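Asks: So you can see what is in the structure, the chains are spelled out below.
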Amino acid sequence: MLEDILLKVQKPGRYVGGEQGSVVKNPDEVDVRFAFCFPDSYEIGMSHIGMKILYSTINSLEWAWCERVFAPWEDMEAQMRENNVKLYALESHTPLCDFDIIGFTLQYELSYTNILNMLELGGVPVLAKDRKGLKNIVCAGGPCTYNPEPLCDFVDIFFIGEGEELDNELLELYREHKKRGSDKETFLRAAAKIEGVYVPSLYDVTYNDDGTVAAYTPKDNAPATIRKRIVSNLDKAPYPEQFVVPYVEAVFDRVSVELFRGCIRGCRFCQAGYIYRPVREKSAAVVDRQAKALCASTGYDEISLLSLSSSDYTELNDLLGSMLSWTEDKRINLALPSLRIDNFSDELLEKIASVRKSGLTFAAEAGTQRLRDAINKNITEEEILSSCKTAFEGGYTAVKLYFMMGLPTETMEDIEGIANLGQKIVDLYYSLPNKPKGKGVTVSISCATFVPKPFTPFEFEPQDTADTILKKQQHLIDSVKTRKIQLSWHDPATSLLEAVLARGDRRVGKVIYEAWKRGCKFDSWGEYFRFDRWEEAFKACRLDPAFYANRRREYDEVNPWDHIDIGVTKSFFVREDKLAHQSTTTPNCRQKCAGCGATVFGEGLCCEKH
Amino acid sequence: MKNIRVFYQKTGRLKYISHLDMNRVFTRISRRSGMPIWYTEGFNPHPRINFALPLSLGFESTYEAVDIRIDDDNYSNDEAFGRLKSVMPDELKVVKVTDPVMKTGEIAFARFEISLDLPENAESFFEQGEIFMEKKTKKGGIKTVDIRPMISSYKIGEGRLELVLSAGTDNLNPSLVIDAMRRHFDREIKVDSVIRTMLYNKEMEKFI
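From first to last, the protein sequence lines are chains A and B.
With the working numbering applied, the first sequence corresponds to residues 16 to 625, in that order.
With the working numbering applied, the second sequence corresponds to residues 104 to 311, in that order.
No lab work stands behind these hints, which were simulated from the structure alone.
Note that the coordinates shown come from a computational prediction; the quantities given were computed from them, not determined experimentally.
Heads up, the beta-carbon is just placed ideally off N, CA and C, and yes, glycines get one too.
One or more of the hints may lead you astray.
As the list claims (entries may be wrong) - Dumping the calculated DMTMM-like pairs for lysine to aspartate or glutamate here, alpha-carbon to alpha-carbon at most 25 Å: (1) A:Lys23 <-> B:Glu209; (2) B:Lys258 <-> B:Asp289; (3) A:Lys23 <-> B:Glu144; (4) B:Lys309 <-> B:Glu237.
To be verified - Examples of chain B residues lying across from chain A (beta carbon under 7 Å, computed): (5) Arg134; (6) Pro148; (7) Tyr178; (8) Pro192.
Claimed, not checked - Computed list of chain A residues with no C-beta within reach of chain B, every gap over 12 Å: (9) Asp19; (10) Glu77; (11) Asn98; (12) Tyr123; (13) Ile209; (14) Glu264; (15) Thr395; (16) Ala413; (17) Glu428; (18) Pro477; (19) Thr480; (20) His490; (21) Glu551; (22) Tyr570.
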């Protein structure tokens, strides 16, 4: 059946499995079967480092088998429906409905409709209440679980925090209960006792007349708050020695090794920097060893060193020194994304340029010092220009800068600031005596719409309305006076939807369901995104997107994520938001501890200071 | 430096991997093998890997060849074979490693074994003097071509067809032959598998 379909679709190699590094076990010798589902296409999902880590940690359990599932492209989905082929895992081609546990990774809000679609395509009831018994427990992990509420109708268990230990603990518990023949409710009540597990069905939500949350009430001895899990020692934490290597083309198809988790900077818009605190570094020797082992086993010719702010990695120079000693010989390229613009030195440039030049991207985020201070992006114009100068003198003729518009306290003056900064960079290029000969410069400015996220100081802030954003975009276009600057941005409708899903409550789940029923899927792909259908879904559920996205939230309002505990406290976020409105900065963790609350874990950088 | 010619099979799930993907596959296989691979100079160093003849998506093959440049004149082909065998998957089985003899440009014919729902009196199709079909040109246009002369020989079996077709610069894809058969017999013909089993130069000598 499958064979007949595969030659009728684009890139059939995405649907067959058998890649080098994939794990195949005997289903009869395994007690628990886990389907790790990435709710997007194969090419996108195969780049996800979290899946690679958990695929390895779960498969290290003799009695468990973790397989991979991705969202089929439209042509394949049509063929599957027509021929009654259920969505299956790549390793064994077993349909999703035959798995014990089905796990989704929530990397971005616009992937939510794909989750529903994959469940249905796999023969699994989409609503949690329709799934009885221990079979087909649906769980989810990843950054979006920090506000899991919009998905509570569909997911049985959320993993809050890092999964290396947490996932296996849950699997052990499941194995026990499966042996005992427990019912689903008994299992879920036991699961809620594991730190980091959030079982939504054990919480009742009540709302005030104005639509805001009144309270989350736990039942059956579920904990009042759920504290996230972290891995204490990244050096000792499990890390794969083998990756599944795709045959077909995939994005970011290379060896990836993390440098550290969390971030010291405290930029007020950035959720990742807070949810992954406390900052924990991996030692250079371990990074080097892991990268070497992965290159040898996979045959990749590129290594990417990952973190939220790589130039802050303490041992960066030593690490690059030792890695270059073997990567150069083997013609392996070192990619170092996420560099901060204020410590981009000649020394660093020399090191990363030595094998192959990639493009240079800096996140300036805001066009004026005033606004950069308000968002706590502690970089000056001088630093931005100095880094560009280093880049230009080093042979780069193109730089890309990321900005956001719609930031709290922003004015039209700040928008003009973006154009002015771009112009200064262009002028800088042409003023240099030793710039690359005979080539012009391209300054690419990419301007995203700011989306306020939970667990940031800006979680209280309203998102700019689409009208305001359009006006600002036009103002930016009008302010740019040179063809050397190329502008790009996102469609405001996708940002609005992202904002609703990011700070939505449980009722938003009905909107997701309605949107999916109306055919929404692959919402993060421009060619599929249908805002009109989402608008219909909101209307059908009698919910207003503006209530979630464009409303300022009071500091004492109960937010739908307040029962999740990440260490960093709400009072810290309140303090920081107030400082933002005074355009006052906060120093980074290494300069001075700001008392965010992450010390409660007793790990990482916080320990070094206290 | 020298080139080694690796003969291998491409079967099973690997028939869904395109020719373009195969380049990337062999680049990684070369690296994992630990052989002293030769790299190009300059901006973006990569190995020199050249395939004898592309294989269409969906076809299997038991006689594939790829040349890989090694940075050691005296590298042993047996050593190369051992190293490749240890890193190549089952569905990409390495058969032997030799010094290249013929140039890949010399390939003129390819043999295919096709397992299909063969119509009665299949002979009548091949006994035609001319078979006109529309072929895509390299520039993306379409032209009408007589494909009969490009069918060098044929053998009809039970649910089986063995064809030797022109290959290389003048290339006839067996799918086009089957399409022509569909038109001739005015019915659908279901194909179960297409396996390329041999490559030849214009003197009909095995490509080595």
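Asks: Return the numbers of the hints above that this structure violates; sort them in rising order.
Replies: Going through the list in order, the structure violates hints 1, 3, 4, 7, 9, 14 and respects the others.
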